[in-house]
Each structure stands twice: as structure tokens, then as C-alpha cells.
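Peer 1: Here's the letter readout for the chains.
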Amino acid sequence: MQFKDQTIQQTAQSWRRKLKDYGWGLAFILPAIAVFCVFLWTPIVKGIFYSFMNVDFVKGNSFVGFDNYRDIFASSMLAKSVLNTLYYMLLCILIGFWVPSIVSIAVSELRWFKGAMRLIVYLPNIVPAVVLYGMWQWLYDPLGPANQIISWFGSQQILWLTDKSMAMISIVIAETWQSFGTAALIYLAGIVSIPKDLYEAAEMDGAGVLQRIRYITIPGIRHLYILLFILQLIGTSQGFLTHMALTGGGPNNATLTYMYQIINEAFTNLNYGRASAMGVLMFIVLASLSIIMYSIQGRSRQA
Amino acid sequence: MKNNLRVVGALTIIAIMMIMTACSGNGGKGTGGNANNDNRGQETPISASPSPNVEKKNSEITLTVQFPKSDNVVEIPVYEDKMKRFGEKYPHVKMVKNDWWYKSDEIGIKMAAHQAPSGFYVPATEGGTLVGHEWAADLTPFLKNYEFANDFNEKLTTQFTVDGKLYAVPKNAYISSIIINKKLFEEKNVPIPSLDWTWDEFYEAAKATADPAKGIAGFAIMAKGNEGGWNWTNFLYQAGGAAQEVQDDKVVSTFNSEAGVKAMEFMKKLRWEGNAMPQNWALNYGDVYNLFKQGRAAIVLGESGQIEDAVNNGGMDKNDLMILPMPSMEKGGAHVGVLGGNYMIVNPQESMEVQQAAFDFITFDMFKDSEIDVLKTVLEDRKAKGQIKAYGSAAYYYKADSEFGKKFEALLDKYPDNVYKLDPKVIEAMVGIPEPAYNGQEFYGTITNVMQEVFTNEKADVKALLDEAAKNFDNEVLSKVTIQK
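Protein chains in written order, with full-length UniProt numbering: chain B, 1 to 303; chain U, 1 to 485.
These aren't lab readings, by the way, just hints derived from the structure by calculation. Each hint should be verified, as a subset may be incorrect.
[Claimed, not checked] Below, a list of computed lysine-lysine pairs in the DSS-like style, where the Cα atoms sit at most 27 Å apart: (1) B/K59 with U/K144; (2) U/K463 with B/K80; (3) U/K103 with B/K46; (4) U/K182 with U/K293; (5) B/K164 with U/K207; (6) U/K155 with U/K407; (7) B/K164 with U/K463; (8) U/K421 with U/K383; (9) B/K80 with U/K480; (10) B/K46 with U/K480; (11) U/K268 with B/K80; (12) U/K459 with B/K80; (13) U/K471 with B/K80; (14) B/K164 with U/K421; (15) U/K165 with B/K59; (16) U/K368 with U/K84; (17) B/K164 with U/K459; (18) U/K480 with B/K59; (19) B/K164 with U/K268; (20) U/K376 with U/K407; (21) U/K262 with B/K164; (22) B/K164 with U/K250; (23) U/K250 with B/K59; (24) B/K59 with U/K103; (25) U/K214 with B/K164.
The task is simple: from the sequences and hints, build the whole structure.
Peer 2: Printed below as a string of C-alpha cells:
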């Protein structure tokens, strides 16, 4: 009995100590947990729940088992939207992934106007999206500036947004311009954290600009390449905003991404159950992708 | 210790999630009324009674009134006046404003969140969706006591009548027609088409007025979003086709018929042979009318509302604009356009008392002199601003030959410079066919994709494209439809 009391006392003491050590910390993260609950975890849980339902917010939902999933796999749009998304992700890597890295290295090598250049690089991010979409619509007009410029070089008019082979490329160019600033700033922060003495030693050894970049800068920000690559894959796999604004998913679904199809299912076809099921499938794919990428990253660090 | 903390953390998260979930509404269940739901719309209660002597009764109900957006300075005083008068007659009704206006991609969320106004305007297109989802109240109980229940124009009530029950109060109906910019015709010495024009004449006019080098299109059609299919359906109807039909209790597509092929081939001809369409043909509703207002499109589909917009907001001269009926496919054929219109529905999520109040509010001025007075105020305002008011609908909620209809017309005739009235010959020539009854938006989306393929690929096989679209649409959409009677 005495032993039991002693154990209870010890446990209570240990809890008090833990509360003292971690109480404030927990108090500080509670608002964040609450926000995440409302805007992230609850929708995720509800989304999974709805994916097995015929969702009717007025008459009431009814359980339909895997019907929504069956409909998705039977849909003629699934393959098209998945392939378009993969193509879009690939284009974003080919056209957009290296741009912020090159820009940030170039800016870091500047002797003067470094601060001004950082601001200029980030400027497209500040402009409201609606203005940017309007601007790109104008730039891509058949009689607009983009075609005017290429006509100076003797090139024929390009139908940027209504040619099936060009529409996705046009979207990626617009998005790259629009969003490379954020990634460039992250790279710049990484470059700043590389010890200066490495550069000084290299200069004393007679290394030129290209050698400094190749042997010091790029290896110094290697971990950022992996991080930003994962973030880009996750971000672009969910892309639909520019597609919606510039092409509406056309011509003939050439720019219809998986995420855009989810939006169509939910808000055009008012089929929230199927849209939720598509979201769940995407969640599974992205979560798996993140786990694989992070495990690869972990292994490469250990090595 | 780490494990304990993890457990504590996990429990905290679960507890918060449960609280949040519990707080997140009724899970969409139940359609019961929520008469005392004040948390909707703009929180601007309007005094229901101007008289301080009228005390709040226990039976006070809250009506969420659809109110104009804040930039609609013309309509705001009209609504405020109506609310004031309504409040005087029904002092037990407390009114709150809600400036949400119907959008097909928002209605689902609004109904889910119980945030739609108690009564609101909807386009005729949405009849099937609204009735099918039970988002529109059956008006039978309210019509029983309504003194003008038998005075509605029957031409308009059919679109929202299901199983003999009316689900919406009609306002007006229009038949899609053609608007031309006469100035662009004159610049190219192209004769103004006659009322009984055909597809061939339409093609020649569009081709002749187009000037691609200057960015001027002969004919601008919508082809970016679902509106594309909506526009094309006019040509399908002109060719004698239909979008769908009921066969043995099943709905099947018929848009891939010979008529459908002819209508799509006509689009192809306009695009490739005539080079009459904008080079950037991926235009939505707003894009097309912006192009028209900029003088960059000679022919567009539309109705008198677009004339009003072009003059009042686009600075165009009303004498440069003209409305024509749709062309017929062949000489002597029908000038068919899609029948559309504006209706008002009562929100079935409200209690019966609020639904009754919503119906009373919607019909408050209808068939009465007060509506004539409201119109007079609007016309005086337009006159002062040098603007116009379009009265070019094919039909209104009242019968044209009724006493009320005659009063209405007499007032319009007093403002010849500020009222744009449709030529009676045009109205006579137009034939309206309602939009597809089942899954209209999805049908339009399917057709838009076919149009886009035709506009991007000169060698597109129209018949094959329509057949494939019909097959997929039947399998994935129409096969799941329950027939409404």
C-alpha cells in the first residue's frame, strides 16, 4: 500500500515536472494546433469520410462504399488529367526548376545593386495574381507583345494559348516568371550561409567565377536543391490556378490537370463525393512521394 | 517520457479535432427551417416597422433578402424602398441583407452552409439542377393564397414546373439572338442582314466583316468554358437537333445526330474556311462582350441585356447596335434560339413561415401599380444619366395583352430615348427551345471540348468526336440520371 502511494506520488511529481518543463511550450503551440485542426486535419478527415458518400448537403449524405472510386477509375478524364499533370510537372522541372538557382547565383556574384536585384527578383510575387493573369493574357494575345517580339526574328505567329502543343508550355513559362522569386530567395539565403573564407581561399588559389560556383556555391546549396525539388513536385502536382485563368483547361482538355478535374467535379458537376475521392487518391500519392523522397534524402545524408 | 508526451500531444489533437468537428454544423443533415438564423449575409438588420409603436412580437421571423452588390448604385435604392414598404406591411418580418447572387459553381456550397438568401434569382438554365437537388421550394402552398396565381404567363412557368408543381416565380424569358455592330458592317460595306437570314448569309457576313490583321472577328463565340456548349446548342436546335431524349426511362444523348454534325461542321467552316472567328477563340462570357464593346467583334450571340451593357458600360451608341433573330439553317426554316430566363426561387431550407415571407417579398410588387412606379423611378434615373434600359425580352411574367401589361408598355413608350425595345418582328420571328433538362452544365462542358478540338484541328473528324463525346457522356453522366416527370 505504502509502495503504491509512493508510486502515485512519484508519477504526480513527474507529471508536474513535465508540465513545468513543457507547459508553456504546449500553450504556445495550441493556437497552431487549433488552426491546423480547423483548416487542415478536419478537412482531410472529412474528405476521407465524404469519399465513401454520395454527398448531398441538403437531403443528407448516403454511404456508397467504393462507388466514387470506381467511377473515377472508369472516367475517361482520369488518364488524360493524370498524364497532363505529369507533363506539366516535367515541364516545370525542365523550364522552371533551374531558373531560381541560376538567378540566385548570379545575384550573389554581383558586386553592386545586390539588394535592388533581390527586390526585383521577388517583385512578380508581390503583384496580385489577377493582374498577372490579365497581363499574361495580353502578352499571349495572337497580336500581342510576345508574337510581336518573335516576328522581329522572322518567326511565325504562335497561338500561345489555343494551340494544343503550346498551351501547357505557355502556362509553365508564365508560372515560372510568376513564382521563381520565392525559390531564388531561399537559394540566396543558402548561398549567404556558405562560409566566406571558402571563397577567399579559392580566390587566393586563383579560382575564377565559374570555378567558385562549381566547387563552392553549388555543393554548398546542394541540400536546398533536394528540398526545393520535393516542394516543386508537391506544388506543381496540385497546379490548376493558372490553367483555370489562362486556358480553362483547354484546348480540348490539353491543360486539364488532376487538381482542376477535382475542382470541376466539385463545383461544376456538384459531385462532392467523387471530388473527395479524387482528393484522397492524390493525398495518398503525395504522402507516399514525400515519404520516399525524405527517406532517400535521409539515406544520402547518412552516406 | 517522450512516449508520454506523444500520447498527450495526440490526445490533445484528437480532443481539439472532435471539438472542431462538433462545431462545424449539422453535417448537412436535415432540411428543417432555421427561422432564427441571423448569422447569414450582411449583418445589417433593417427595421421591419417604421413605427415605434409596433413592438416585436414573439412570432418575429428573419428574412434574408437578396440585395444588390454595393457597386450597383442604381438598384440599391430600389431594393431599399421595397424593403421599407414590405416592412411596413409585414412588421413581424425582420430583414437582413445578403448580396450573394446565383452562380452555378457556388450554389452547392451556399446550400451546404445554409447561407443562401431566403429567396433569390436564378437563371432558367438551372431549373433541372435546383429541382433535382431539392434546392428550390415547391410553391404550391403559397400560390393557393396568392391573388395573382392564375395571371402568370404560362410560356414562362413551364420551365420550372415538375409533376404539376411550380418551383419558381418567373420574371422574364429571352430567346438567344444575334447582336451585330452595324458600324463594322458599314466599314466593310457589308449589307445589314435581313430578319429571315440563313446560315449561308450568316457565314458570308461573318467572313466579310472579319479583319484578322486588326484583331477584328466577324463572329465571336464563347469557347473557353461551359458557355461554349451553351452557344453551340443554338446551332444544334437550328439544324433540328436535340441534346438528349428520354428512351425507356433512360436519358440518352442525341447531340451526335446528323443535326449535331451539321452544327459542328458549321463552326468548323466559320473557323477555318471563313477565318471569321477571333484568333484567340478561347473566350468566356465576359471576354466575348468585352471584345464586342471594344469594336473587335461584328457578330455575337446575346439578348437585349447585352445591348444595355454595351451602351451604358461600353459607351457604344445604341443606333450602332441591332438585334436579329438567330439565322435559320436553310431558307424558310425556323430561327431557333435557346430559351433562357430569370426566375426567383424560395429557399427550402427556411421554415414555412420564412418561406411564405420570401414568397410574399418576391411577389410584393408583381402585377401591381407599385411595380410601375419602381420602373418609372429607374427610367427617370436612366434619363438623367443618358443611359438606356433594355426591354427586349421575349416574354415577361405578365401576359402582354393583360391590363397590367398594357400599363407597363404605356410607361415604356414615354421614354423612347432611354428604352431599348426589341422590334416586334424580331420577337415574332424567334422560336425558343429550352435548354437540356438533365445535367446541362456537364453537357455544355462536353460540347466545349469538341468545339475546342474543332477550332484547333482543321482536319478534325466532327462525327467521330461527337460520337465519342456522346458515348462518354452517356456512360459517365446520363446513365446515373433519375428521370423527372
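Peer 1: If a hint holds in the structure, say so; if it does not, say that too.
Peer 2: Results of checking the hints against the structure:
Between B/K59 and U/K144 the CA atoms are separated by roughly 26 Å; this keeps the pair inside 27 Å, and the hint holds. Restraint check for U/K463 and B/K80: satisfied, since their Cα atoms lie roughly 21 Å apart, inside the 27 Å limit. Distance hint between U/K103 and B/K46 is fulfilled; the C-alpha atoms sit about 25 Å from each other, no more than 27 Å. For the hint pairing U/K182 with U/K293, the CA-to-CA distance comes to about 12 Å; that is within 27 Å, so the pair holds.
Restraint check for B/K164 and U/K207: the C-alpha separation of about 25 Å stays at or below 27 Å, so the hint holds. Only pairs whose Cα atoms come within 27 Å are accepted, and U/K155 paired with U/K407 is accepted, the gap being roughly 20 Å. Taken as a hint, the B/K164 and U/K463 pair is honoured in the structure, with Cα atoms around 20 Å apart against an allowance of 27 Å. About 15 Å separates the Cα atoms of U/K421 and U/K383, which keeps this hinted pair within 27 Å; it holds.
Annotation: proposed proximity of B/K80 to U/K480 holds, straight-line Cα distance about 22 Å (limit 27 Å). Among the hinted pairs, B/K46 with U/K480 is consistent with the structure: their alpha-carbon atoms are about 25 Å apart, no more than 27 Å. Distance hint between U/K268 and B/K80 is fulfilled; the C-alpha atoms sit about 24 Å from each other, no more than 27 Å. Simply put, U/K459 and B/K80 have alpha-carbon atoms about 22 Å apart, close enough for the 27 Å limit, and the pair holds.
Restraint check: the Cα-Cα separation between U/K471 and B/K80 comes to about 17 Å, which is no more than 27 Å; the hinted pair holds. Of the supplied pair hints, the one linking B/K164 and U/K421 is violated, its CA atoms being roughly 43 Å apart against a limit of 27 Å. Taking the CA atoms of U/K165 and B/K59, the gap is near 19 Å; set against the 27 Å cutoff, the hint holds. This hinted pair checks out: U/K368 and U/K84 have alpha carbons roughly 17 Å apart, not beyond 27 Å.
For the given pair, B/K164 sits about 14 Å from U/K459 by alpha-carbon distance, which is consistent with the 27 Å threshold. Proximity of U/K480 to B/K59 is assessed by CA-CA distance (about 18 Å); at most 27 Å being required, the pair is judged to hold. In summary, the hint linking B/K164 to U/K268 is supported, as the alpha carbons are separated by about 17 Å, within the 27 Å threshold. Pair hint U/K376 plus U/K407 holds up; C-alpha atoms about 12 Å apart against a cutoff of 27 Å.
With a C-alpha separation of about 24 Å, the suggested pairing of U/K262 with B/K164 holds against the 27 Å cut-off. Restraint check for B/K164 and U/K250: the C-alpha separation of about 36 Å exceeds 27 Å, so the hint is violated. For the hint linking U/K250 to B/K59, the alpha-carbon distance of about 23 Å falls within 27 Å, and the restraint holds. Using a Cα cut-off of 27 Å, the hinted pair B/K59 and U/K103 holds, with the two alpha carbons roughly 20 Å apart.
A distance of roughly 24 Å separates the Cα atoms of U/K214 and B/K164; the hinted pair therefore holds under the 27 Å criterion.
Checked against the numbered hints given earlier, this structure breaks hints 14 and 22; the rest are met.
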